[in-house]
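A.B. asks: Now for the letters of each chain:
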Amino acid sequence: MFVTMVEQKEIILPPFGRGFHLISNIIENSLSDLPNAGLLQVFIKHTSAGLSINENADPSVRIDFETIFNKLVPENSRDYVHVFEGKDDMPAHLKSSLTGHSLTIPIVNGRLGLGTWQGIYLCEFRYQGGRRKLLLTVIS
Amino acid sequence: MFVTMVEQKEIILPPFGRGFHLISNIIENSLSDLPNAGLLQVFIKHTSAGLSINENADPSVRIDFETIFNKLVPENSRDYVHVFEGKDDMPAHLKSSLTGHSLTIPIVNGRLGLGTWQGIYLCEFRYQGGRRKLLLTVIS
Amino acid sequence: MFVTMVEQKEIILPPFGRGFHLISNIIENSLSDLPNAGLLQVFIKHTSAGLSINENADPSVRIDFETIFNKLVPENSRDYVHVFEGKDDMPAHLKSSLTGHSLTIPIVNGRLGLGTWQGIYLCEFRYQGGRRKLLLTVIS
Chain X
1 MFVTMVEQKE
11 IILPPFGRGF
21 HLISNIIENS
31 LSDLPNAGLL
41 QVFIKHTSAG
51 LSINENADPS
61 VRIDFETIFN
71 KLVPENSRDY
81 VHVFEGKDDM
91 PAHLKSSLTG
101 HSLTIPIVNG
111 RLGLGTWQGI
121 YLCEFRYQGG
131 RRKLLLTVIS
Chain C
1 MFVTMVEQKE
11 IILPPFGRGF
21 HLISNIIENS
31 LSDLPNAGLL
41 QVFIKHTSAG
51 LSINENADPS
61 VRIDFETIFN
71 KLVPENSRDY
81 VHVFEGKDDM
91 PAHLKSSLTG
101 HSLTIPIVNG
111 RLGLGTWQGI
121 YLCEFRYQGG
131 RRKLLLTVIS
Chain F
1 MFVTMVEQKE
11 IILPPFGRGF
21 HLISNIIENS
31 LSDLPNAGLL
41 QVFIKHTSAG
51 LSINENADPS
61 VRIDFETIFN
71 KLVPENSRDY
81 VHVFEGKDDM
91 PAHLKSSLTG
101 HSLTIPIVNG
111 RLGLGTWQGI
121 YLCEFRYQGG
131 RRKLLLTVIS
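Residue numbers (our numbering), protein chains in the order written: chain X, 1 to 140; chain C, 1 to 140; chain F, 1 to 140.
To be clear, the hints were calculated from the coordinates, so they are not data collected in a lab.
The structure presented is a predicted model; accordingly, all values stated were derived computationally and were not measured.
Keep in mind that the hints are not guaranteed to be accurate.
[As the list claims (entries may be wrong)] Below, simulated SDA-like cross-link-like pairs (lysine to any residue); rule was C-alpha separation at most 20 Å, straight line:
hint, chain 1, residue 1, chain 2, residue 2
1, F, Lys95, X, Thr67
2, F, Lys45, X, Thr67
3, F, Lys45, F, Gly129
4, F, Lys71, C, Leu72
5, F, Lys45, X, Val73
6, C, Lys95, C, Gly19
7, C, Lys71, X, Val73
[Unchecked claim] Some chain X residues close to chain F (C-beta under 10 Å, calculated; not the full set):
hint, residue
8, Gly38
9, Lys71
10, Tyr80
Glycine residues also receive a C-beta, built at the ideal position from the N, C-alpha and C atoms.
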């Protein structure tokens, strides 16, 4: 017989500036007593910020992420129809669908099963994104 | 003791034209009696359409999505080798790997835990994509 | 009463060359006795390779994926600050956040619920990526 559980928690991040930010520690510190095996899902309740997993060591990686995402989805294009919420709004929507709004991470031996170089990124695509809400769900 | 369950349902969407379409209502109406807490996974069984989450209010956002995705992955490029299924086929494959083919959404208090401005998008990348099949899985 | 289970397995892929590769068979052969209904999560423990789902039949599709991803994220751009790990390193990080690092696939009637034309891709973005580790988690 297996005892299975769904645990949920909403957390509110401090405001981050525009760019890509490592939030692995914030996520891990929000979760007490992870199960031995399961899945953690992290879901961001916004449409102008995203979540991703990437390199957790050299900050220059996150600088290049900001540069190249701005090249992929330029800010001052005449293409946009949706402009009334600011020049960073529509690009933020588009970028967030490229990174996605949720991550699912295996839980192994009571810890997040991330690779050695993997960290959790908050992708803040607005200049003043404010305090972002995350929903954490643990299935075990 | 926790009672856990996996519930599954396949639904078939009505045909949508090329573009980005809000299907939150279709998904929600397909699900009766959501559990108190859990995860909903929505999976599209196709390789030329995708799923995403984004802004659910202003239709101009979805127009800009179509415009910019066509810029990211242009239709009439000489680069493509895979052309025999029509000019919209290979770009559709590529775009669908950018948005992804599934979404996982937390279920909170018996409802989808989407943020205020979040809606579920069907990303139809073909002109005549036809009726798309979705697999809904609820873990609770 | 439902009996629920979390099963996990780490597998190591053989080294693949740079490009997009079908690994559906490797994944399926690693999983014995799938449950009747549930979810399979496939997670890659690296930041310079990704996972995706796409067309499983015509190899020319995977050639076009490599071509267009190289156009989206060019290799020899002066934009990059993070260059000391080789010219393919920073583009690989960026591409992997576009495809994502995990897939969640419904399990239906004891089999992966993929559509007819859907296959699982390893997206190897480095020239010498080596043996990549995958974590497989089955929730049922």
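A.B. asks: Holds or violated: is the Cβ of lysine 71(X) closer than 10 Å to a Cβ in chain F?
C.D. replies: Since chain F brings a Cβ to about 7 Å from lysine 71(X), closer than 10 Å, the hint holds.
A.B. asks: Would the pair lysine 45(F) and threonine 67(X) pass a check requiring their Cα atoms to be no farther apart than 20 Å?
C.D. replies: violated, 25 Å
A.B. asks: Hey, lysine 95(C) versus glycine 19(C), does the alpha-carbon distance stay inside 20 Å?
C.D. replies: holds, 12 Å
A.B. asks: Taking only the CA atoms, is the gap from lysine 71(F) to leucine 72(C) under or equal to 20 Å?
C.D. replies: holds, 9 Å
A.B. asks: Take a quick look at whether lysine 95(F) and threonine 67(X) sit within 20 Å of each other, Cα to Cα.
C.D. replies: Roughly 14 Å between the alpha carbons, so the hint for lysine 95(F) and threonine 67(X) holds.
A.B. asks: Checking hints one by one. Is tyrosine 80(X) an interface residue toward chain F, by the C-beta closer than 10 Å rule?
C.D. replies: Where the cut-off is 10 Å and the nearest Cβ of chain F is about 20 Å from tyrosine 80(X), the hint is violated.
A.B. asks: Are the Cα atoms of lysine 45(F) and glycine 129(F) separated by 20 Å or less?
C.D. replies: holds, 12 Å
A.B. asks: Between lysine 71(C) and valine 73(X), does the CA-CA distance stay at or below 20 Å?
C.D. replies: holds, 9 Å
A.B. asks: Identify whether the interface hint at glycine 38(X) stands, where standing means a beta carbon of chain F within less than 10 Å of its own.
C.D. replies: holds, 5 Å
A.B. asks: Could you grab the alpha-carbon distance between lysine 45(F) and valine 73(X) and see if it respects the 20 Å cut-off?
C.D. replies: violated, 28 Å
Hints 2, 5 and 10, counting from the list given before, are not met by this structure.
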